[in-house]
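As you go down the protein sequences, you meet chains G and Y in turn. At position 56 of the first sequence the residue is numbered 56 (the working numbering), and the sequence of numbers has no breaks. At position 51 of the second sequence the residue is numbered 51 (the working numbering), and the sequence of numbers has no breaks.
Check each hint, because a few of them may be wrong.
Quick list of in silico lysine-lysine cross-link-like pairs, DSS-like style, CA-CA up to 27 Å [unchecked claim]:
id, chain 1, residue 1, chain 2, residue 2
1, Y, K64, G, K56
2, Y, K20, G, K97
3, G, K97, Y, K66
Derived by calculation from the structure, the hints in this document are not laboratory data.
If you want the building blocks of each chain, they are given just below.
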Amino acid sequence: QKEVEQNSGPLSVPEGAIASLNCTYSDRGSQSFFWYRQYSGKSPELIMFIYSNGDKEDGRFTAQLNKASQYVSLLIRDSQPSDSATYLCAVTSSASKIIFGSGTRLSIRP
Amino acid sequence: GAVVSQHPSWVICKSGTSVKIECRSLDFQATTMFWYRQFPKQSLMLMATSNEGSKATYEQGVEKDKFLINHASLTLSTLTVTSAHPEDSSFYICSGTPYSNQPQHFGDGTRLSIL
């Protein structure tokens with residue numbers, strides 16, 4: 001089992017809809033959770049981070065964390081074509097090591 | 001805040017050349033920096049963790065004699081690809097963080113092409 005798992009996609013969502021990206025992790029001692037966006041040929045950029053159970057909203061983005069289920073998600077409301085990218089889930093393990101998922105490719109169709 | 005600067009952004013050189021990539025944290029002190037490699041359409045692969053003032057920790061399968069890492073100050077880490085060959089061509093990205101549980105901030109990456 002991979003330490004951080006994401007569906008590779010591609011996930012295709014119509015413009016204006018909600019895109020839902022999911023991530024599961026194996027280390028119950030994980031404390032910090034991050035979502036990065038990576039455009040093709042570019043380095044990752046931080047979108048959201050969350051440390052506590054529940055929801056955290058920032059503009060069109062909402063991160064959701066459920067530690068009991070070892071599940072973290074990212075919702076993107078009012079999806080725009082510019083949101084088309086690969087989204088990386090990252091988790092800081094109990095050994096303070098950050099582990100990245102392999103990413104989900106999101107495509108927003110006009 | 002939390003800006004990481006990486007240079008150069010693009011390198012093309014002949015096989016056998018050694019290439020140095022610099023990673024600087026501009027507005028924070030990074031006790032730890034990370035070096036990643038990414039091949040086209042593949043995920044990020046952690047190569048090594050660079051610790052200021054001590055030896056780097058390499059991931060399994062990464063040759064420490066080929067990928068030399070120096071983290072001489074709290075704001076600068078360098079990766080030297082020694083005697084580079086075409087199979088070393090890749091996108092190399094560094095990142096840094098002020099504290100271990102805080103987000104990593106990435107440099108813009110270095111695209112290395114070995115002819």
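- Message: Which constraints among the numbered hints does this structure fail? Numbers only, ascending.
- Response: Hint 1 alone not satisfied by this model.
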